[in-house]
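Asker: Given chain A, put chains B and C in place with the hints provided.
Here the protein sequences line up with chains A, B and C, keeping their order. Each residue of the first sequence is one higher than the one before, starting from 3 at the first, in my numbering. Each residue of the second sequence is one higher than the one before, starting from 5 at the first, in my numbering. Each residue of the third sequence is one higher than the one before, starting from 227 at the first, in my numbering.
Misleading hints may appear alongside valid ones.
Take a look, some chain A residues computed to stay more than 10 angstroms from chain C by CB distance [stated by the list, open to error]:
#1 Tyr263
#2 Phe357
#3 Leu411
Simulated restraints, written as ranges between beta carbons of each label pair [as the list claims (entries may be wrong)]:
#4 Ala32(B) / Asp118(A): 48 to 54 angstroms
#5 Asp89(A) / Gly106(B): 51 to 57 angstroms
#6 Leu237(C) / Gly44(A): 34 to 40 angstroms
#7 Ala412(A) / Phe56(B): 17 to 23 angstroms
Because the hints were derived from the structure by calculation, they are not lab data. None of these values were measured; they are calculated from a predicted model. Using N, Cα and C, we set each Cβ at its ideal position, and we do this for glycine too.
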Amino acid sequence: MPIRRSLRGILACAGAVVAMACAEQVPQTPRLHWYVFDEPSGAFAQAARRCAQRSGGRYEIGIRPLPADADQQREQLVRRLAAGDRDIDLIGMDVIWTAEFAQAGWVMPWKPDEADTVRDGRLGSAVASATYRSTLWAAPFTTNTQLLWYRTDRVEAVPDTWAEMIETAERLGREGTIQAQGERYEGLTVLFVSLLASAGGTVLGPDGDSVSLEDEPTRRALAVMHRLATSPAADPSLANAREDQARLAFESGGSSFMLNYPFVWPSAKANAAEVARHMGWARWPAVVSGKPSRVTIGGINIGIGAHSLFPELAFEAATCIVAEPHQRLAAALGGLPPTIAALYDDAQVRDRFPFADLLRETLRDGVQRPRTPFYADVSLAISHALHPMAEIDPDRDVTRLREAVRRALASEGLL
Amino acid sequence: MSARSSAEARLAWLLCAPAMIAMLVVTAYPMLYALWLSLFRYDLRFPDLRRFVGLENYASVLSSEVWWQALVNTLMITVGSVAMELLLGFVFALVMHRAMLGRRLVRTSLLVPYGIITVVAAMSWRLAFDPTTGFVNALLGLEGPWLAERWSAFFVIILTEIWKTTPFMALLLLAGLTLVPEELLRAARVDGATAAQRFFKVTLPIMRPMVLVALLFRTLDAFRIFDTVFIQTRGAQGTGTVSIVGYDALVTRLNLGLGSAVSVLVFLCVVVIAALFVKGFGLDVPDRESP
Amino acid sequence: MGSVAVVIYALIPVVWIVSLSLKPATDLGDRRLIPRVLSLEHYHAVFRDPQFSAALWNSAGIAGLSTVAAVLLGMLAAYAIARLEFPGRRVILAAALSIAMFPPVSIIGPLFDVWRSIGLYDTWAGLILPYMTFTLPLAIWTLSAFFREIPWELDKAARVDGATPLQAFVHVIAPLAAPGVFTAAILVFIFAWNDFLFAISLTSTNDARTVPAAIAFFTGSSRFEQPTGSIAAASVVVTVPIIVMVLAFQRRIVAGLTAGAVKG
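For reference, chain A alone in the conformation it holds in the complex (with noise of 0.2 angstroms):
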């Protein structure tokens, strides 16, 4: 009958549109979004368009730029994450969020079988640094710690210690200007935390839920850092200095000894060769004479995001990102210090680092900042108590130090 010919003829049309409609619908490859710093050399970029070209088309990568600072990364990431945003998908971590991300539920733990991937052969610092709780909550990529640059046709013997650093420079007038980080920010926490424990102390109990600050260190590294801040050889713009100004200081030709990360060494290659003629490296001065100084390390490891949509296929992506050859990748063409102990070794490496022996006995011995959820807190409440490193006064800080901190970590108040 006519009529329920033609009905069928309708129901087959749109069975015909619907199939399509569905078919349109089936994902192509799976882009997998990295939230990352704009890496100015590229050397990310090239890491994730061959990791994608390796996986045989099963998924994409896709750089999304985060802002250039550190703390402005976070907070753009803690945001979104904590909104439970399904874009994110590989995350470059700053060292110092893991215990947060990991606390809050933003990030996956890695499986014991990719975990042992990831950190097969790596530094330990650098593994401990992406660990919290026993589990590994990301994947280490690339680090970073901070040496002692300083004049070689001005400074002869290399000091061991900082109470002779100090002494040489003022003897020095007024080419001995020391650089350092004493602004009231992230840094001032570096430099404490690395005193500390070059004193032998650490800022929080072993389970990390605790203030720990033993009196004899913390008063050995409050006095170093109020001798450095009073001495004629610091820079009068010490309260205010971060790496950056620094570097400037240092490469401006004034100063004969500088306490910072290696990305001085190629800038002062390239903007003041006269100063880069006459640089040397060495290890971060002792606080203790003959206990080896222990510098606090840096760097980013891969997350992968908690509501992400391909976790299995993020997890594979971030595994490749990491191993060897875009860790050398990354360290010959960005001067980002890598992870894998091996490469250290490695000729290319060596090239763009001279120092890399230097590194890798300084990552070595390396210590993790305070690993808590609230070290946001924490390191405010550090960089609070003491700022300005001239006004410090060892005895009465020691306990302000303790309160201030175990406040943050209570979460108690205004710091």
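Answerer: Showing chains B and C alone in chain A's frame:
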């Protein structure tokens, strides 16, 4: 209400409706939510531990030395910058009004500072005052670190603010100046009034509403200063302002309850200031001109 | 001569920013106001960045639309407040003021959540709405204070003289209102153009990111280096449209009464 006035009222509400709706839709929820949050203990990292604590956050803020010092700092910066800006703003407005030669150049160049992004302005002033790499010390032959001491840091911050926002005042004052009819001034001059008398007796009273709008809004903005202080000193050396305190609590420490309490308190302070302006200086709702 | 002094005062820091943008990276710390050597490297870098050109387009559109919207809505409301008698006049002004008084930092969080749920996150409308909202108080207060001072009788006088209501409005009232309207427009535009807080929190890609937010993404040659030169170059580029806009509008901010009072 008579028929006429109710028709007028209806028309008035109709005209105001689009603006009111826009303002309410965007800000009512966030403001009320912030007020609501301030009554809780809520850390974004521990969303399950959220609990109601009433006014405990407020007690904690108000008993904290950090808050009170920030309040004093903020008031100092506000008063210092607004007072100077009013003075300079008048000078600029008069120059822009009377300029004959290169009028366009003068007016445009005076407004450029306001058009520069605040964080960039703060950063470049910071660089300028840096003792090792900036030009100020080199030019003046000085050595001191401006931003490392409290009072010189205040100077730099207030200078940056004044430089940047005087054009805002100047622009509003200029608009006010255009309201003054030339004939009135001419008549006054004919009557023998001096320039000063003309300014205070003729110009200023007519400009009053604009002056007060400029002062009010500028003060409200100055009280909530954030970018300049953050970039230049991060609030150190005793230059912390109330907005920085709020930022530290809300964004850095993710303590939403405490941070919201700080924000509400800042809001209340600003309300007090606005109320002072309205009552004290006689800024009133513009009255309808009698027909 | 006063004008010259005043102009110099206004422009010295601008000269500094321009000089920072023209100094090669090596000379950044050389303590000189005027660069020793000129280099366009920062401008090259800035324009080569695809993010920046997208941001310029976003900024222009968003700021422009916000200005038009805020001034229009503000004019309607200000007219009602200045000329009509109705209960709730003070309430409206007070409510508008209170919106301008709340610290933006705590508005960002909830606004972000709301925008995400209704799909306005990372869109032009998602920024235009807050910009319009936060400039409406200033626009309404400015315009109503201004409108109050306009002698509206001139309008009637013109009509008595035989002009149609439209002619009266266009030839008599509009020139009187122009200074206030263009002042409000400039202020709104500059606010929207230079805002950083909302731009960085309510955008995520080049779809809606404006220039101030894009500047936060600039990096120096390494992690810790401040890209001072690029930032300076970008802000110089970004200030040019403001200059253009002010040049165009400042003509309108003249004594309107001399124009309209001829008939008087």
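Asker: Now look at each hint and say whether the structure bears it out.
Answerer: Results of checking the hints against the structure:
Not every Cβ of chain C is farther than 10 angstroms from the Cβ of Tyr263(A); the closest lies at roughly 6 angstroms, contradicting the non-interface assignment. For Phe357(A), the requirement that its beta carbon stay farther than 10 angstroms from each beta carbon of chain C is met, with the minimum near 16 angstroms. Its beta-carbon lying about 24 angstroms from the closest one in chain C, Leu411(A) satisfies the requirement of being farther than 10 angstroms from that chain. Between Ala32(B) and Asp118(A) the beta carbons are some 53 angstroms apart, a value that agrees with the proposed interval 48 to 54 angstroms.
Roughly 52 angstroms separates the CB atoms of Asp89(A) and Gly106(B), a value that falls within the hinted 51 to 57 angstroms. Roughly 38 angstroms separates the CB atoms of Leu237(C) and Gly44(A), a value that falls within the hinted 34 to 40 angstroms. The hint said 17 to 23 angstroms for the Cβ distance between Ala412(A) and Phe56(B), and at roughly 18 angstroms that hint holds.
Of the numbered hints given earlier, the model fails hint 1 alone.
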